[in-house]
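Novice: These protein sequences, in sequence, are chains A, B and C.
Under UniProt numbering, the first sequence has 243 at position 243, and the numbering climbs by one with no breaks.
Under UniProt numbering, the second sequence has 2 at position 2, and the numbering climbs by one with no breaks.
Under UniProt numbering, the third sequence has 56 at position 56, and the numbering climbs by one with no breaks.
Heads up, some of the hints might be wrong.
Stated by the list, open to error - Derived SDA-like pairs (lysine to any residue); straight-line CA-CA distance at most 20 Å:
id, chain 1, residue 1, chain 2, residue 2
1, A, LYS5, C, ALA131
2, A, LYS352, C, GLY172
3, C, LYS305, B, VAL28
4, A, LYS276, C, GLY172
5, A, LYS5, C, GLY172
As the list claims (entries may be wrong) - Over the 10 Å line for every Cβ pair with chain A, so calculated as not near, a few chain C residues:
id, residue
6, ARG68
7, GLU79
8, MET147
9, PHE152
10, PHE165
11, VAL257
12, ILE264
13, TYR334
14, LYS362
If you're looking for bench data, these hints aren't it; they were derived computationally from the structure.
Glycine included, C-beta positions come from ideal geometry on N, C-alpha and C.
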Amino acid sequence: MFVRKMVLVLLCMLVLSGCWSRRELNDLLIVLGVGVDWEDSEYLVSFQVVNPSEISAQNKGGGERPPGTLYQGRGKTVFEAARAVTAEAPRKMYFGHLQLYVVSEELAKRGLNRFIDNVLRDNELRLDFNLVVARGARAGDILNLYTPVEKLPTFSMLQSLRTSEKSWAPTVSVTMDEALDRLSGPGYELALTGIQLVGDPAIGDTPRNVQTFKASRRYRYKGIALFRGDRLAGWMNEQESKGYSDITDNLDSTSIELACGEGRYLGVEVVSSKSKISTELKNGEPSAVVHIRTEATIVDRPCSDVDLTDPATIERLERESAAVMLSNAEAAVKKAKRLKSDVLGIGNQFGKEHPAFWKEAKDSWNTDYFPSLDVGFHIELFIRKTGTTSNSTLK
Amino acid sequence: MASLIGVLAIAGGVFWLEAPGLLKRKRVKEMVWFVSFLLIGTGLYGALTLEAKLPNPFKLLEIMFGWAA
Amino acid sequence: MNPYANKKITVRQFQILIILGLIGDAILIMPTITASSARQDAWLSMLVAYAVGMLIGVFFALIANRIRQSESLIAASREVLGPWGGGFVGLLLVFNFFMCALSLLSEMSQFMTTQLMTETPVNAIIFVFLAVVILAFRYGVEVFARMGELLFPAFLVLFAFLVVFLLPQAEGDRLMPVASEGVLPILNGSVMAISITFMEMVVLLALAPHVSGSRGLTKPILSSFAIGGLLLSIVVLLCVMVLGPNLMETKLYPTFVLAQKLTIGNFLERMEAIIAFMWIITVFYKTLLLYYAAVAGIAQPLKLKENVMLTIPMAMIMMVFTVTSTPSITEYSYLLERYYPWFDLTFCLLVPSLLLAGLLVKKKHGGNADSKP
Numbered sequence: 001m002f003v004r005k006m007v008l009v010l011l012c013m014l015v016l017s018g019c020w021s022r023r024e025l026n027d028l029l030i031v032l033g034v035g036v037d038w039e040d041s042e043y044l045v046s047f048q049v050v051n052p053s054e055i056s057a058q059n060k061g062g063g064e065r066p067p068g069t070l071y072q073g074r075g076k077t078v079f080e081a082a083r084a085v086t087a088e089a090p091r092k093m094y095f096g097h098l099q100l101y102v103v104s105e106e107l108a109k110r111g112l113n114r115f116i117d118n119v120l121r122d123n124e125l126r127l128d129f130n131l132v133v134a135r136g137a138r139a140g141d142i143l144n145l146y147t148p149v150e151k152l153p154t155f156s157m158l159q160s161l162r163t164s165e166k167s168w169a170p171t172v173s174v175t176m177d178e179a180l181d182r183l184s185g186p187g188y189e190l191a192l193t194g195i196q197l198v199g200d201p202a203i204g205d206t207p208r209n210v211q212t213f214k215a216s217r218r219y220r221y222k223g224i225a226l227f228r229g230d231r232l233a234g235w236m237n238e239q240e241s242k243g244y245s246d247i248t249d250n251l252d253s254t255s256i257e258l259a260c261g262e263g264r265y266l267g268v269e270v271v272s273s274k275s276k277i278s279t280e281l282k283n284g285e286p287s288a289v290v291h292i293r294t295e296a297t298i299v300d301r302p303c304s305d306v307d308l309t310d311p312a313t314i315e316r317l318e319r320e321s322a323a324v325m326l327s328n329a330e331a332a333v334k335k336a337k338r339l340k341s342d343v344l345g346i347g348n349q350f351g352k353e354h355p356a357f358w359k360e361a362k363d364s365w366n367t368d369y370f371p372s373l374d375v376g377f378h379i380e381l382f383i384r385k386t387g388t389t390s391n392s393t394l395k
Numbered sequence: 001m002a003s004l005i006g007v008l009a010i011a012g013g014v015f016w017l018e019a020p021g022l023l024k025r026k027r028v029k030e031m032v033w034f035v036s037f038l039l040i041g042t043g044l045y046g047a048l049t050l051e052a053k054l055p056n057p058f059k060l061l062e063i064m065f066g067w068a069a
Numbered sequence: 001m002n003p004y005a006n007k008k009i010t011v012r013q014f015q016i017l018i019i020l021g022l023i024g025d026a027i028l029i030m031p032t033i034t035a036s037s038a039r040q041d042a043w044l045s046m047l048v049a050y051a052v053g054m055l056i057g058v059f060f061a062l063i064a065n066r067i068r069q070s071e072s073l074i075a076a077s078r079e080v081l082g083p084w085g086g087g088f089v090g091l092l093l094v095f096n097f098f099m100c101a102l103s104l105l106s107e108m109s110q111f112m113t114t115q116l117m118t119e120t121p122v123n124a125i126i127f128v129f130l131a132v133v134i135l136a137f138r139y140g141v142e143v144f145a146r147m148g149e150l151l152f153p154a155f156l157v158l159f160a161f162l163v164v165f166l167l168p169q170a171e172g173d174r175l176m177p178v179a180s181e182g183v184l185p186i187l188n189g190s191v192m193a194i195s196i197t198f199m200e201m202v203v204l205l206a207l208a209p210h211v212s213g214s215r216g217l218t219k220p221i222l223s224s225f226a227i228g229g230l231l232l233s234i235v236v237l238l239c240v241m242v243l244g245p246n247l248m249e250t251k252l253y254p255t256f257v258l259a260q261k262l263t264i265g266n267f268l269e270r271m272e273a274i275i276a277f278m279w280i281i282t283v284f285y286k287t288l289l290l291y292y293a294a295v296a297g298i299a300q301p302l303k304l305k306e307n308v309m310l311t312i313p314m315a316m317i318m319m320v321f322t323v324t325s326t327p328s329i330t331e332y333s334y335l336l337e338r339y340y341p342w343f344d345l346t347f348c349l350l351v352p353s354l355l356l357a358g359l360l361v362k363k364k365h366g367g368n369a370d371s372k373p
């Protein structure tokens with residue numbers, strides 16, 4: 001009897017000895033950013049990896065090692081490149097904490113579907129990281145940067161992307177699952193923000209970059225890239241990007257400048273904005289109207305002849321601001337039409353409201369229907385507040 | 001080879017666990033069926049360990065319903 | 001000692017076992033199958049399956065009510081259709097339970113090795129899983145029914161947690177356009193849903209003789225089917241609203257992606273392993289029910305007085321066949337989507353209807369026999 005019990009206990013211990021597929025924390029090489037380039041007909045994949053001892057709060061000493069490291073691998077597929085890196089890297093990479101995926105412009109022009117499938121198939125990768133396009137630099141260089149304030153460069157870039165999407169508008173943060181949605185059919189094309197490096201390239205990847213008060217080499221988000229299918233078609237400038245954000249209901253807050261004479265500009269802050277696209281089908285002719293409803297605040301009044309206590313002034317400013325938003329939105333639509341890429345989601349809206357029409361039109365939407373689509377705008381802007389002063393006493 | 005021994009060991013272990021009780025209660029028929037099931041199970045498991053090609057039971061479904069689908 | 005006597009589970013335990021069995025592995029694989037046909041109308045497919053499932057529940061209740069006095073399902077069929085006919089029907093039913101158990105084990109092992117533990121060999125997972133199933137069986141019906149009662153609130157809490165905290169990410173827009181392709185894709189999607197979820201619950205007939213009390217089983221069965229179907233419909237609806245049809249169709253296990261998206265105030269994130277616990281409960285219970293029905297059922301036609309010693313050999317056979325039935329996920333899915341609904345239709349509906357026919361005839365003749373002196 002005792003023997004049986006002991007045998008049972010020992011058998012239990014066999015099963016409780018731990019997971020088969022366990023990977024201890026110090027077996028992990030945590031990848032925060034991935035950059036994909038195309039070089040010599042091969043994928044050159046750069047992995048920005050965390051150096052955990054450098055960013056831990058307890059380890060105050062030792063600032064000689066960088067907070068992260070860049071490993072690069074080559075291969076005919078991204079997966080091969082990732083595994084090839086183990087020839088240099090001490091551990092196998094772990095993608096569960098991936099934050100940023102940088103695609104080089106050249107690869108974006110060749111088509112994203114060539115290498116993005118691995119990302120969907122892998123079980124470690126979650127689909128909540130952001131995609132950006134590298135502009136004027138290699139994707140690997142973007143990740144090879146010391147950033148001030150935030151020790152981890154990818155984290156800095158990620159936060160910047162998300163904050164600027166909310167506060168500044170001409171950027172848009174696209175996560176991988178949104179990108180999958182956009183790439184899965186016509187009607188709503190993909191648009192990704194572009195990231196570029198500015199400043200002196202010489203010392204960007206050394207600690208000296210952040211030892212001066214203003215970093216020599218910095219990143220900046222600039223412009224939104226329009227895709228046709230999975231290929232990059234063109235870029236939008238700042239005004240068009242703002243319009244894009246507006247129409248696709250991504251706008252949270254931004255700044256509008258109104259000229260008020262003598263080269264001075266009145267500042268208006270958009271506080272919240274909601275937009276909707278409504279579609280109509282008249283005799284088989286499609287048309288769409290974009291409804292935008294915005295609330296704003298006056299934040300800057302350099303011209304003292306603008307009287308903010310007069311309701312008529314407010315109405316005039318509302319009209320002028322709405323005109324600015326209208327010009328942004330029109331510019332965005334014009335650019336999208338010129339590049340034959342419906343990034344605004346109008347086709348998608350047709351699919352939801354007029355499914356029968358959409359079923360026939362969707363294959364030639366970008367080429368036939370969209371460029372000549374009649375898009376109207378209905379913009380309502382309300383200036384509710386003027387800050388903590390109405391008319392200041394400045395003369 | 002080692003895994004085959006492991007399989008036989010498991011079969012032996014099962015027999016040692018169950019058989020005495022059955023013998024004590026004098027259940028002959030149950031013993032017969034138990035041993036036959038155990039032999040089938042061990043045989044299949046051993047074949048699996050030796051990487052023999054075993055039939056796919058869902059192919060049976062294909063045979064049964066192939067004309068319908 | 002008769003192994004089938006004195007085993008009593010309460011009606012509530014019976015209901016809980018049915019609900020857990022209904023959700024089973026459907027919660028894992030059904031969203032992707034319905035989405036591949038119906039896309040954003042997957043929830044409509046599920047509602048159609050729900051309606052049909054209730055009818056199936058009525059059918060099962062008719063049989064369940066009449067076999068309560070017997071010792072077990074197979075004993076009932078032998079009483080009704082005679083020793084040979086009933087034995088044959090019983091063997092068919094056991095074969096059905098066996099194949100369903102195989103499919104469940106395959107699904108579970110594939111899920112584990114795809115999402116959670118990719119380098120673990122499949123044999124190890126099936127081995128450990130079956131070991132627990134065997135243990136649960138050997139302890140008896142009352143024990144695992146009571147355990148189900150204990151685990152059910154945990155399941156409900158996790159489910160409510162998942163649903164409530166994902167609601168902010170749900171967008172009603174993703175449901176549109178509704179039924180734009182017509183009813184055929186919706187019906188196509190619901191076929192698999194009906195067979196995996198509701199038809200496989202024929203296993204409740206194996207439990208019915210053990211339910212204590214003498215009140216009818218119709219209401220408990222129907223209410224359990226209603227609750228189980230409702231929970232599944234909520235899951236599918238949530239999948240469509242949070243993930244959208246593209247992601248649902250792309251990923252093999254959309255409910256896992258749902259759990260991955262769970263984030264509470266940017267603070268509590270990455271809790272998918274906790275939610276996976278919920279699925280392990282339901283898959284375990286369904287496997288256990290099927291295993292119980294298979295092993296208890298196979299002893300009856302062979303007229304064995306004990307069935308406990310058959311557990312381990314049966315498990316060995318099941319494990320071997322699970323491994324052989326999944327040479328690759330592609331082949332498995334191919335066979336499953338093509339032939340499994342037919343298999344379920346024949347063995348889960350047609351075969352029990354033979355039993356029901358026998359029961360109805362017997363009742364009529366039994367009634368006549370009573371009136372004779």
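Novice: Next, verify each hint and record whether it holds.
Specialist: Hint by hint, here is what the structure shows:
no.	hint	in the structure
1	A:LYS5 - C:ALA131	17 Å, holds
2	A:LYS352 - C:GLY172	12 Å, holds
3	C:LYS305 - B:VAL28	10 Å, holds
4	A:LYS276 - C:GLY172	14 Å, holds
5	A:LYS5 - C:GLY172	58 Å, violated
6	ARG68	37 Å, holds
7	GLU79	40 Å, holds
8	MET147	18 Å, holds
9	PHE152	26 Å, holds
10	PHE165	15 Å, holds
11	VAL257	7 Å, violated
12	ILE264	14 Å, holds
13	TYR334	19 Å, holds
14	LYS362	47 Å, holds
Hint check: violations occur at hints 5 and 11; the rest are consistent with the structure.
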